[in-house]
Structure formats: structure tokens, C-alpha cells
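4 protein chains.
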Amino acid sequence: MRLHVPIRLRWSDLDAYAHVNNAEMLRLLEEARIQAFWVNDEADGTDAGAPGAHPVGASTAVLDGRPGAATLTLIARLEIEYLAPIPYLRAPIDIQLWIGKLGGASLDVCYEVYGPTENGSATLYARATTTIVLVDAATERPRKINELERAAWTPYLEPTIAFTRK
Amino acid sequence: MRLHVPIRLRWSDLDAYAHVNNAEMLRLLEEARIQAFWVNDEADGTDAGAPGAHPVGASTAVLDGRPGAATLTLIARLEIEYLAPIPYLRAPIDIQLWIGKLGGASLDVCYEVYGPTENGSATLYARATTTIVLVDAATERPRKINELERAAWTPYLEPTIAFTRK
Amino acid sequence: MRLHVPIRLRWSDLDAYAHVNNAEMLRLLEEARIQAFWVNDEADGTDAGAPGAHPVGASTAVLDGRPGAATLTLIARLEIEYLAPIPYLRAPIDIQLWIGKLGGASLDVCYEVYGPTENGSATLYARATTTIVLVDAATERPRKINELERAAWTPYLEPTIAFTRK
Amino acid sequence: MRLHVPIRLRWSDLDAYAHVNNAEMLRLLEEARIQAFWVNDEADGTDAGAPGAHPVGASTAVLDGRPGAATLTLIARLEIEYLAPIPYLRAPIDIQLWIGKLGGASLDVCYEVYGPTENGSATLYARATTTIVLVDAATERPRKINELERAAWTPYLEPTIAFTRK
Numbered sequence: 001m002r003l004h005v006p007i008r009l010r011w012s013d014l015d016a017y018a019h020v021n022n023a024e025m026l027r028l029l030e031e032a033r034i035q036a037f038w039v040n041d042e043a044d045g046t047d048a049g050a051p052g053a054h055p056v057g058a059s060t061a062v063l064d065g066r067p068g069a070a071t072l073t074l075i076a077r078l079e080i081e082y083l084a085p086i087p088y089l090r091a092p093i094d095i096q097l098w099i100g101k102l103g104g105a106s107l108d109v110c111y112e113v114y115g116p117t118e119n120g121s122a123t124l125y126a127r128a129t130t131t132i133v134l135v136d137a138a139t140e141r142p143r144k145i146n147e148l149e150r151a152a153w154t155p156y157l158e159p160t161i162a163f164t165r166k
Numbered sequence: 001m002r003l004h005v006p007i008r009l010r011w012s013d014l015d016a017y018a019h020v021n022n023a024e025m026l027r028l029l030e031e032a033r034i035q036a037f038w039v040n041d042e043a044d045g046t047d048a049g050a051p052g053a054h055p056v057g058a059s060t061a062v063l064d065g066r067p068g069a070a071t072l073t074l075i076a077r078l079e080i081e082y083l084a085p086i087p088y089l090r091a092p093i094d095i096q097l098w099i100g101k102l103g104g105a106s107l108d109v110c111y112e113v114y115g116p117t118e119n120g121s122a123t124l125y126a127r128a129t130t131t132i133v134l135v136d137a138a139t140e141r142p143r144k145i146n147e148l149e150r151a152a153w154t155p156y157l158e159p160t161i162a163f164t165r166k
Numbered sequence: 001m002r003l004h005v006p007i008r009l010r011w012s013d014l015d016a017y018a019h020v021n022n023a024e025m026l027r028l029l030e031e032a033r034i035q036a037f038w039v040n041d042e043a044d045g046t047d048a049g050a051p052g053a054h055p056v057g058a059s060t061a062v063l064d065g066r067p068g069a070a071t072l073t074l075i076a077r078l079e080i081e082y083l084a085p086i087p088y089l090r091a092p093i094d095i096q097l098w099i100g101k102l103g104g105a106s107l108d109v110c111y112e113v114y115g116p117t118e119n120g121s122a123t124l125y126a127r128a129t130t131t132i133v134l135v136d137a138a139t140e141r142p143r144k145i146n147e148l149e150r151a152a153w154t155p156y157l158e159p160t161i162a163f164t165r166k
Numbered sequence: 001m002r003l004h005v006p007i008r009l010r011w012s013d014l015d016a017y018a019h020v021n022n023a024e025m026l027r028l029l030e031e032a033r034i035q036a037f038w039v040n041d042e043a044d045g046t047d048a049g050a051p052g053a054h055p056v057g058a059s060t061a062v063l064d065g066r067p068g069a070a071t072l073t074l075i076a077r078l079e080i081e082y083l084a085p086i087p088y089l090r091a092p093i094d095i096q097l098w099i100g101k102l103g104g105a106s107l108d109v110c111y112e113v114y115g116p117t118e119n120g121s122a123t124l125y126a127r128a129t130t131t132i133v134l135v136d137a138a139t140e141r142p143r144k145i146n147e148l149e150r151a152a153w154t155p156y157l158e159p160t161i162a163f164t165r166k
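Going down the list, the sequences are from chains H, X, Y and U.
Numbering-wise, the working numbering puts 67 at position 67 of the first sequence, and it's gapless, one number per residue.
Numbering-wise, the working numbering puts 137 at position 137 of the second sequence, and it's gapless, one number per residue.
Numbering-wise, the working numbering puts 61 at position 61 of the third sequence, and it's gapless, one number per residue.
Numbering-wise, the working numbering puts 108 at position 108 of the fourth sequence, and it's gapless, one number per residue.
Simulated from the structure, these hints should not be mistaken for lab results.
Ideal Cβ placement from N, Cα and C applies to all residues, glycine included.
Hints may contain errors.
Partial pick of chain U residues on the chain H-facing surface, computed with a CB cut under 10 angstroms [unchecked claim]: (1) 18; (2) 28; (3) 74; (4) 76; (5) 78; (6) 83; (7) 128; (8) 130; (9) 150; (10) 165.
Hey, can you work out the whole structure from these sequences and the hints?
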């Protein structure tokens with residue numbers, strides 16, 4: 001089972017080669033990850049019931065990512081393969097996410113970045129894995145994944161990505 | 001008559017104060033302007049018929065903004081008032097655009113940036129005007145607004161913004 | 001009297017037209033402003049005595065801009081004229097700053113953005129003014145410019161910019 | 001032998017956690033790579049003799065990276081370990097680069113990102129490897145590393161990074 005997060009490119013994601021910049025790609029993954037995993041709390045001024053407030057499976061959105069929250073989510077490691085440059089696209093790209101590994105205090109989130117579907121097929125632009133560590137904001141030390149989180153994420157466990165270049 | 005362009009914030013639009021950065025706000029205006037005015041050409045790999053490919057009034061979308069196009073659109077001037085800091089919002093903000101002035105080779109695009117509507121009202125975060133000059137890409141000199149463009153844009157002529165701080 | 005802040009472009013400042021993006025230009029102004037006005041405090045992990053830690057006139061650097069500081073500096077208004085597109089340049093650009101107006105709780109910072117000097121002359125790329133309001137972080141209300149700040153900034157008072165397009 | 005590229009942070013590199021954003025870190029690596037490997041051509045408007053135009057070993061700077069050049073340099077793969085969050089620092093960080101592998105049409109560039117040296121030591125914030133493919137811009141196919149490039153880069157061959165997390 002995968003999450004599908006539609007992300008709209010911005011023209012400013014392009015660099016001077018008129019392709020989505022390599023670093024900017026990480027921002028797209030970040031945005032997909034936040035929409036998939038962060039709880040959508042009305043306390044930050046967002047109407048959780050507003051249209052579009054929860055574009056993806058809310059069942060996985062159990063982390064409070066706001067500055068000041070009790071848990072920080074730190075990226076410890078990232079691996080990405082860029083398979084084809086992404087041109088400017090008006091229709092949203094489709095970022096698919098799943099969990100490649102659920103550890104004690106960390107998880108591996110896997111991503112495949114597809115273009116919009118045309119004539120039944122879509123281009124695979126990139127594949128990536130990020131290792132995320134849950135950190136207690138007060139002690140600044142890793143903290144265990146709790147039962148609520150484990151239950152929310154376990155359905156999205158799938159084999160991790162086998163990268164072709166090494 | 002105004003165009004309404006829904007723009008979804010990204011978490012990376014925030015700066016270290018946890019508000020949308022002042023410079024990033026210009027990217028949001030840029031994105032709204034592109035969605036409102038740039039023609040959505042299949043030649044750039046976008047399926048113009050794809051869902052979401054034309055979120056706003058396609059009637060104003062008559063400019064070809066791609067690198068290599070015959071016309072460049074340059075920003076000559078920008079004025080913006082920041083009325084309130086924008087926090088992280090999950091629901092799209094509502095950027096309203098209209099044309100404050102249609103000159104010979106330039107136009108003033110006006111913007112009001114609203115938060116998502118809650119309980120019938122929405123916060124006005126910023127007001128801005130940009131002067132855009134149409135430039136012939138070959139000669140690099142301003143070129144006249146043509147009849148097609150003038151016809152497409154005239155319905156959106158409204159009084160320009162009277163900024164309060166000067 | 002003006003402050004001169006050398007700012008090195010990054011390749012990622014360019015957009016798909018291979019020029020410095022309009023929004024990115026504000027980040028360059030922001031960076032120049034921070035180097036000119038923010039105090040350089042060792043408490044944030046920076047060695048104030050390190051080479052390059054204080055590239056510009058430290059006498060104006062009396063504001064504590066860190067998140068959590070007692071004063072917030074908010075941009076209330078920005079006006080900018082883009083006179084020529086900036087290509088990728090390896091040598092630093094020269095952002096000149098001065099103060100166009102010292103009010104009770106706000107100041108206007110003026111900028112001229114020059115390219116590197118070649119053969120004795122430099123291209124003027126942009127001119128801008130930002131109105132900055134000092135806000136008490138606790139009450140979230142404007143607070144008066146104090147005597148220390150006024151003394152530090154008064155030597156840099158110069159006539160404000162008369163923009164040509166209006 | 002390593003290249004040392006001093007890179008000055010910008011305040012806008014920080015995200016809402018007040019640390020350098022993970023994606024932004026790739027821009028810092030990109031900037032270091034460009035300064036290390038791209039030829040500094042006066043034809044792009046840069047005065048190659050200007051102070052600061054060549055901050056690092058010009059001997060490795062043999063690639064023409066400008067849009068329109070005969071060779072494109074594409075990132076095919078990236079791996080990065082974030083060892084500690086980077087706070088806002090005024091003094092430049094020290095990005096060290098070397099070549100972990102010189103293939104036929106591709107090379108692995110390795111990076112270690114250090115903070116400014118204080119009291120004789122510096123914090124290691126991140127380690128990364130990027131696989132770069134040289135692509136013929138006309139045919140869009142990989143092209144061989146030529147003798148000039150191989151001679152320029154061979155002195156900087158060092159063992160590649162052994163990442164600790166896998």
C-alpha cells in the first residue's frame with residue numbers, strides 16, 4: 001500500500017537549465033512527507049475541515065511537526081536517484097510514499113516521483129529514501145516510535161528501494 | 001472582475017520566524033501570475049486537458065512564457081505591503097489578481113493575498129502591484145500589447161491599489 | 001554615507017531564464033540587510049572574531065535578529081525597480097545600503113544593487129526601499145527606536161530613492 | 001588532496017526549525033561544486049581576474065556549465081548523511097571536496113561540510129557523495145571524460161566515503 005501525494009510544481013522550482021533543480025526536488029519530497037505524516041491541527045490556524053486540507057490518507061498523519069512540538073523529526077540520511085530531468089509541468093506530479101523500514105526510533109520513508117499520467121502511463125523521474133529519526137525536543141535525544149505511530153504506519157510497510165547505481 | 005488563484009503553501013516557504021518569508025511571498029505572486037496569464041501548451045509536455053492543468057480562468061492565459069518563446073515578460077517594478085505574517089496553512093491561500101493599468105507595452109498586475117475562508121471571512125495578508133513589460137525576445141526591446149492580449153485582459157481592468165504607507 | 005555589502009550570487013539564484021529571479025533578489029537584499037544591521041552574537045555559535053564574520057561596518061549592527069530575541073524586525077512595505085536582469089556572476093555584487101527615513105518605530109532602508117566593478121564602472125541592476133518596523137516580541141506591538149539604534153543609524157541617513165516609474 | 005570552498009550561509013537557508021534546511025544543504029553542495037569545477041569564463045560577463053572570482057583551486061575548473069554549453073553535467077545520484085543541524089553562522093562554512101571515483105563518463109564527487117574553525121577544531125555537519133554524468137548537450141547522451149578533465153581531476157582522487165548508516 002502506498003500514499004499518493006499530488007504536488008504542483010512551481011515555475012521557480014526550475015533552474016537555469018529549465019529543469020526542476022536537484023535540491024528543489026528534496027523540497028518536493030519534504031512537502032509530500034509533511035502532507036502524509038504531519039497531523040493537521042486547527043491550532044495552527046488551519047481549518048482541518050477545509051477543502052484540500054487533507055489531500056492524502058489522514059490515517060498516517062499522526063506527527064506534530066510544528067516548531068515547538070514535543071517531537072522533532074530529523075532527516076539523518078538521504079539517498080536519491082535522478083532518472084530523468086523534470087520539465088515545467090502544470091498538472092501535479094504524483095509522489096508515491098511508503099515505509100521501507102520501521103526501526104525503534106527511526107523509519108525509512110521511500111518515494112517514487114511520477115509525472116502526470118498521460119495515455120495511461122507516467123514517467124518515473126526519481127526514486128529516493130530518507131531515514132527519519134524521531135527526537136524528543138526537550139532532551140534532544142532519539143525517542144521510541146510509539147504504539148499509535150506504529151499502528152498508523154505499519155500498513156504502508158513495503159520493500160525498500162534497491163538503487164541501481166552504487 | 002478578478003481572477004482567483006488557489007496556491008498551496010509549502011512548509012519550506014517559512015523562514016526561521018516560522019512565517020512565510022517576504023521574498024518567498026513574491027514567488028507565490030509569481031506562481032499565481034503564471035497560472036493566470038501563461039498559455040498552457042501541450043508542447044512543453046503538459047497535458048492541457050489533465051485535471052488541474054487549468055485551475056483559473058483560461059481566457060486570460062494568452063502569454064507563452066517558456067524559455068525560448070518569442071516574448072519575454074519582465075518585471076520592471078514591484079510594490080508590496082505586508083499586512084500580517086502568514087503562518088503555515090494547509091488549505092490553499094487565495095491570490096486574487098486583476099489589472100490595474102493596461103499601457104502600450106506594459107501592464108500593472110494587482111494582487112491581494114487572502115488566507116483560506118473560515119466562518120465566512122478571510123484574512124488579507126498582503127497587497128501588491130507588479131509592472132510587467134512585454135519584451136521581444138529577438139530584439140530585447142519592449143513590444144506592444146497585441147489585440148488578442150488586450151481583448152483577453154480588458155475584462156479584468158479594475159482600479160489599481162492605493163497603498164496606505166508611502 | 002553608505003554601507004557596502006558584497007554578496008556572492010549562487011547559481012541557484014537563477015531561474016529558467018538564466019537570470020537572477022525577481023523574488024530571489026529580495027533574498028539578496030535581506031542578506032545584505034542582515035549583515036548590515038544584525039548584531040553578530042557569539043551566543044548563536046558564531047565566532048564574532050572569525051575572519052569574514054563582520055564584512056561590513058559593525059557600527060550599524062545593533063539589532064538582535066535571532067528567533068527568540070526581544071525585538072522582531074518586520075518588513076511592512078517594499079518597493080523595487082528592476083533596471084536590468086542580472087546574469088550569473090562569479091565576483092560578488094555590491095549592495096549599497098543607506099537609511100532613507102528614521103521614524104518613531106520604523107525605518108526605511110534604501111538599496112542600490114551594483115554588479116562588480118569592471119574598468120572603473122559598475123552596472124546598476126536594481127533600486128529598492130523597504131520599510132522595517134521594530135516590534136516588541138512579547139507584546140507584538142511596534143516599539144520605539146531606542147537611542148543606541150538612532151545613534152548607530154543616523155550617520156547613514158541620506159535622501160530616499162525617487163523611483164522613476166510610478 | 002582536497003579542495004576547500006568557503007560558502008557563506010544566508011539567513012534564508014534556515015527553515016522554521018531555525019536550522020539549515022535539508023534541501024538547502026544540497027544547494028550549498030551545488031554551489032561548492034560549481035566554484036570548484038566550472039570554468040570562469042569572461043564571456044558570461046564575469047571578470048575572471050576580479051578579486052574573489054576564483055576562490056578555489058582554478059586547476060580543477062575546466063567544465064563549462066553555462067546554459068547553452070556543449071556539455072551538461074547531470075546529477076544521477078546523491079547520498080548524504082546529516083550528522084548535526086547547522087545553525088545560522090556568520091563565518092563561512094568550509095565545504096571540502098574530492099573525487100571518490102573517476103569513471104568513463106561519470107565521476108563521484110565527495111563532500112564533507114565543516115563549520116568555521118574555532119579553537120582549532122570544526123564541527124563536521126554532513127558528508128555526501130554525488131554521481132555526476134557528463135552529457136553531450138547536442139545528442140543528450142553521456143560523453144567520455146576527456147584527457148584535459150582527467151588530468152585536472154586525478155590529483156583530487158581520494159577514497160570515497162563509507163557511510164555509517166545503510
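The hints, checked one at a time:
no., hint, verdict
1, 18, "8 angstroms, holds"
2, 28, "9 angstroms, holds"
3, 74, "7 angstroms, holds"
4, 76, "6 angstroms, holds"
5, 78, "5 angstroms, holds"
6, 83, "8 angstroms, holds"
7, 128, "9 angstroms, holds"
8, 130, "8 angstroms, holds"
9, 150, "21 angstroms, violated"
10, 165, "5 angstroms, holds"
The structure fails hint 9 only (numbered hints given earlier).
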